[in-house]
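The task is simple: from the sequences and hints, build the whole structure.
Read top to bottom, the protein sequences are chains A and B. Count the first sequence with UniProt numbering and you get residues 1 to 393, in order. Count the second sequence with UniProt numbering and you get residues 1 to 516, in order.
Don't take every hint at face value.
Unchecked claim - Derived DEER-like restraints, expressed as beta-carbon distance ranges: (1) B/Gln-341 - A/Ile-40: 44 to 52 Å; (2) B/Gly-101 - A/Ile-179: 35 to 43 Å; (3) B/Val-480 - A/Ile-179: 53 to 61 Å; (4) B/Thr-9 - A/Val-36: 39 to 47 Å.
To be verified - Just so you have them, the derived chain A footprint on chain B, three or more residues with Cβ under 8 Å: (5) 314-325; (6) 346-358; (7) 368-381.
No lab work stands behind these hints: they were computed from the structure. These numbers come from a predicted model, not from an experiment. Cβ coordinates follow ideal geometry from the N, Cα and C atoms, glycine included.
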Amino acid sequence: MTTATAPPAEPQERSGLPSWAIQGLVSLSAIVLALVVGAILIIVGDDEVKKAAGYFGAAPLDTFSAAFSAVGEAYKALAVGAIGGVTPISESLTQATPLICGGLAVSLAFRTGLFNIGAQGQLIMGAILAGYVGFAWHLPPVLHLIVAIVAGLIGGALWGGVVGLLKARTGAHEVIVTIMLNYVAIYLLQWLLTTTTFQRPGRADPISPVVDANAQYPQFGDTRLHVGFLLALVAAVFVWWLLNKSTVGFELRAVGANADASKTAGMSVGRAYVIAMVVAGALAGLAGTQQVLGTDLPLTDGVAASVGFDAITVALLGRGTPLGTVLAGLLFGALNAGGLQMQLITQTPLTLTTVLQATIVLFVAAPALVRSVFRFLPKDRGSGTILAKGWNG
Amino acid sequence: MHLELSGLTKSFGSLVANDHIDLVIEPGEIHCLLGENGAGKSTLMNMLYGLLQPDSGEIVIDGETVKITSPNDAIKHGIGMVHQHFMLVPVFTVAENIMLGRENTHPGGVLDRKKANKIVTELSERYGFEVDPEALVEDIPVGVQQRVEIIKALTNDASVLILDEPTAVLTPAEIDELIAVMRQLKENGTSIVFITHKLKEVKAIADKITVIRRGKVVGQAEPSATEEQLAELMVGRAVDLVVDKEPAQPKDAVLRVTGLTVIVERGFTAVDNIDLEVRAGEILAVAGVQGNGQTELAEALLGLTPIAAGSITLDGNELTGKSTRQRLDAGIGYVPEDRGQDGFVGSFTVAENLVLDLFRKAPFGNGLALNTDAIDQNAHTRVEEYDIRTQGVDQPVSSLSGGNQQKVVLARELSRSLKLLVASQPTRGVDVGSIEFVHSRIVQERDQGTAVLIVSTELDEIAALADRVAVMYRGKVVGVVPADTPRDELGLMMAGASKSEAHDVAIENPTTLGTI
Numbered sequence: 001m002t003t004a005t006a007p008p009a010e011p012q013e014r015s016g017l018p019s020w021a022i023q024g025l026v027s028l029s030a031i032v033l034a035l036v037v038g039a040i041l042i043i044v045g046d047d048e049v050k051k052a053a054g055y056f057g058a059a060p061l062d063t064f065s066a067a068f069s070a071v072g073e074a075y076k077a078l079a080v081g082a083i084g085g086v087t088p089i090s091e092s093l094t095q096a097t098p099l100i101c102g103g104l105a106v107s108l109a110f111r112t113g114l115f116n117i118g119a120q121g122q123l124i125m126g127a128i129l130a131g132y133v134g135f136a137w138h139l140p141p142v143l144h145l146i147v148a149i150v151a152g153l154i155g156g157a158l159w160g161g162v163v164g165l166l167k168a169r170t171g172a173h174e175v176i177v178t179i180m181l182n183y184v185a186i187y188l189l190q191w192l193l194t195t196t197t198f199q200r201p202g203r204a205d206p207i208s209p210v211v212d213a214n215a216q217y218p219q220f221g222d223t224r225l226h227v228g229f230l231l232a233l234v235a236a237v238f239v240w241w242l243l244n245k246s247t248v249g250f251e252l253r254a255v256g257a258n259a260d261a262s263k264t265a266g267m268s269v270g271r272a273y274v275i276a277m278v279v280a281g282a283l284a285g286l287a288g289t290q291q292v293l294g295t296d297l298p299l300t301d302g303v304a305a306s307v308g309f310d311a312i313t314v315a316l317l318g319r320g321t322p323l324g325t326v327l328a329g330l331l332f333g334a335l336n337a338g339g340l341q342m343q344l345i346t347q348t349p350l351t352l353t354t355v356l357q358a359t360i361v362l363f364v365a366a367p368a369l370v371r372s373v374f375r376f377l378p379k380d381r382g383s384g385t386i387l388a389k390g391w392n393g
Numbered sequence: 001m002h003l004e005l006s007g008l009t010k011s012f013g014s015l016v017a018n019d020h021i022d023l024v025i026e027p028g029e030i031h032c033l034l035g036e037n038g039a040g041k042s043t044l045m046n047m048l049y050g051l052l053q054p055d056s057g058e059i060v061i062d063g064e065t066v067k068i069t070s071p072n073d074a075i076k077h078g079i080g081m082v083h084q085h086f087m088l089v090p091v092f093t094v095a096e097n098i099m100l101g102r103e104n105t106h107p108g109g110v111l112d113r114k115k116a117n118k119i120v121t122e123l124s125e126r127y128g129f130e131v132d133p134e135a136l137v138e139d140i141p142v143g144v145q146q147r148v149e150i151i152k153a154l155t156n157d158a159s160v161l162i163l164d165e166p167t168a169v170l171t172p173a174e175i176d177e178l179i180a181v182m183r184q185l186k187e188n189g190t191s192i193v194f195i196t197h198k199l200k201e202v203k204a205i206a207d208k209i210t211v212i213r214r215g216k217v218v219g220q221a222e223p224s225a226t227e228e229q230l231a232e233l234m235v236g237r238a239v240d241l242v243v244d245k246e247p248a249q250p251k252d253a254v255l256r257v258t259g260l261t262v263i264v265e266r267g268f269t270a271v272d273n274i275d276l277e278v279r280a281g282e283i284l285a286v287a288g289v290q291g292n293g294q295t296e297l298a299e300a301l302l303g304l305t306p307i308a309a310g311s312i313t314l315d316g317n318e319l320t321g322k323s324t325r326q327r328l329d330a331g332i333g334y335v336p337e338d339r340g341q342d343g344f345v346g347s348f349t350v351a352e353n354l355v356l357d358l359f360r361k362a363p364f365g366n367g368l369a370l371n372t373d374a375i376d377q378n379a380h381t382r383v384e385e386y387d388i389r390t391q392g393v394d395q396p397v398s399s400l401s402g403g404n405q406q407k408v409v410l411a412r413e414l415s416r417s418l419k420l421l422v423a424s425q426p427t428r429g430v431d432v433g434s435i436e437f438v439h440s441r442i443v444q445e446r447d448q449g450t451a452v453l454i455v456s457t458e459l460d461e462i463a464a465l466a467d468r469v470a471v472m473y474r475g476k477v478v479g480v481v482p483a484d485t486p487r488d489e490l491g492l493m494m495a496g497a498s499k500s501e502a503h504d505v506a507i508e509n510p511t512t513l514g515t516i
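Take a look at the structure:
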């Protein structure tokens, strides 16, 4: 029902802090809360604690000290594995690299009002093309790498572009389309790895030949960290420029924030959707090249791991901004790298880090919940909206 | 019931929305609460209805201090409210809507529809409402839907009824019926708090008038006060209700619409074979009650709604088939009806919104990058020129008041050189002080030789701006008449009467508002 006057917006309390500072505080608090939740899980699952709890009545302090040492050791191993020296740090950055690019792919689409669940499929398509160029073609140094990267970008861009085109032309919901295209990409990869074109000669398992040395990202020293990480940072700067300084980005943000007003101002909403999804797909494709040309080297059916899905949580934690996405990617990379170390040393399962990551995002998505624990946190008008908006972007 | 609000105060952060408000409502009186948008009328009524809690002050009913913490409390104390946005379920019948939330049931949980129907019939007979209890709400006119809301409040034994901007969606004839209903209620001892910013209605119906400005009661007025006096109280300074405007000097036709038909969802013909012409240097106002095809007409002109048939030409060039962007580039400026939805991007800054349809062109963009300096520079100029009240050009537009938001839209559209300006409801939700400004800018644009097409449901606005008036009813133009056509005649045409019928009937049956 249309009525004559818009209801006046309810005035809200505002604090003196700028929006980004409040969001940063909320994110930090969410991390602290997630660590508390993780600590509880560690205590519950720890054998020493269980033993001590068996004679809790006789010596209650034993239970507490066992709990403290279990949590302390696990988190210490996590921290050491993430940032305790050159190798751990390089490992964290390596893990962060595809998460940043994938996160950017989700963030950029998010800012255009699209929920891109398809980073996984776009990443796989990028990895397929980049991997194929990498092992099947034989080109001079530098050139080979560049061609392979471009092939990866194209693979992702096509896979994303299809989504944008379907949305613009037919109104098909991008969430449904991306989920379905993820399946198509996953099974396409599995099938390709059984064909003679892709499967390594003499192997029965789904694995391709190793990518040519010329097509590999150069590595830093004897770590696994490769030049792809720098490309991820360049990509973040590019996305920042695109969104904030370019005319195209102005259009993308306008469409994302209010498609009706954008249409009325003469913008083409469909065009914005296609552009956003092509660029987002290319970014996810870049993540695919980082996997296949940087860390994995042969193409396998596990090339994407769960990077494309973790990228969604990275983008959510990064609140759809390029800087936020980079920081969130680094955090998740560190948790992944540290988690491996933690599992090795304290037998705390690696899945705990997944729980941590999920809990962080959960708390970030519910700022009111975090605020109910940390009462000092001021209200922010913008906070949480990008997460709460969810499916309808 | 004797209702007294004393010293009610409510703040939101640093903003004091209501500052020690005192208000006495006597039994059986129609008490008008007059104030601009954002003056604090709704906050006050929301506290009375239990939707907000006052920071201090008290509500006294029949000498007893009460605490109202929820709408349920309010209803128990005999306070009913008819919201501006109706709270009805469209696919339910009138009776079903009335019993919603307090269903009478037969044993075994089966709904007792008969009883609900009986309640509706009794009440509508007592007050002369003429409401069919078995009609689906979505099938009945807006004016009748409003009566359903009133019945809903009355079945709760409301002795104080709050009506929040009740006339916004009604035709002049329906407003007359509403006024009759209000008088009937008053005779039965119900007190009415009538919230509005329309001065004519206040004068027609109120027993007592309280004017609120910036959260404070600034005065009481008698219904005998002139409109100018009321407006001055409301705004805080003398307001010129009449727009200074020379007679139009129309030149050649700029916009020609022939045989335009727009069919919207579900095959409904919203615009039905319309012919119109707007000449350079004149203002053509399209009058009509909300929902008679004006919105679709404006959208069709801009290419925002596909057309089924007909032709639209601008300076002789065919526009049909062209994109919105091409039409804007051809020299059409557009102030959309629903600002928040179509006029601006709320989360964007004032500066960004001021270039929402200009950002591609120099100096704001070079095809690749934005020139943020030029965009800021432009914003500072426009903010000054249009007196846009904002804490800065980098503030989101959503933080501005309705009037200032409208100034942003208008400033943007008028900063291009235009052949045709299409403005839908240019002053809807805009405070009285800014209405003056918006109107004078539109007249100024006309005097520069732009053809102007205004869509408005407000007869005041049409009287103030129009050089000619086209009245729309059910998608058709029922007549194009001169601007000085009497209100009653326009009102009848808005209800579908032809020009000559309207003339005859208006002389025989003058309406309340038409004769003021």
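What are the numbers of the hints the structure violates, in ascending order? Hint check: nothing fails, all pass.
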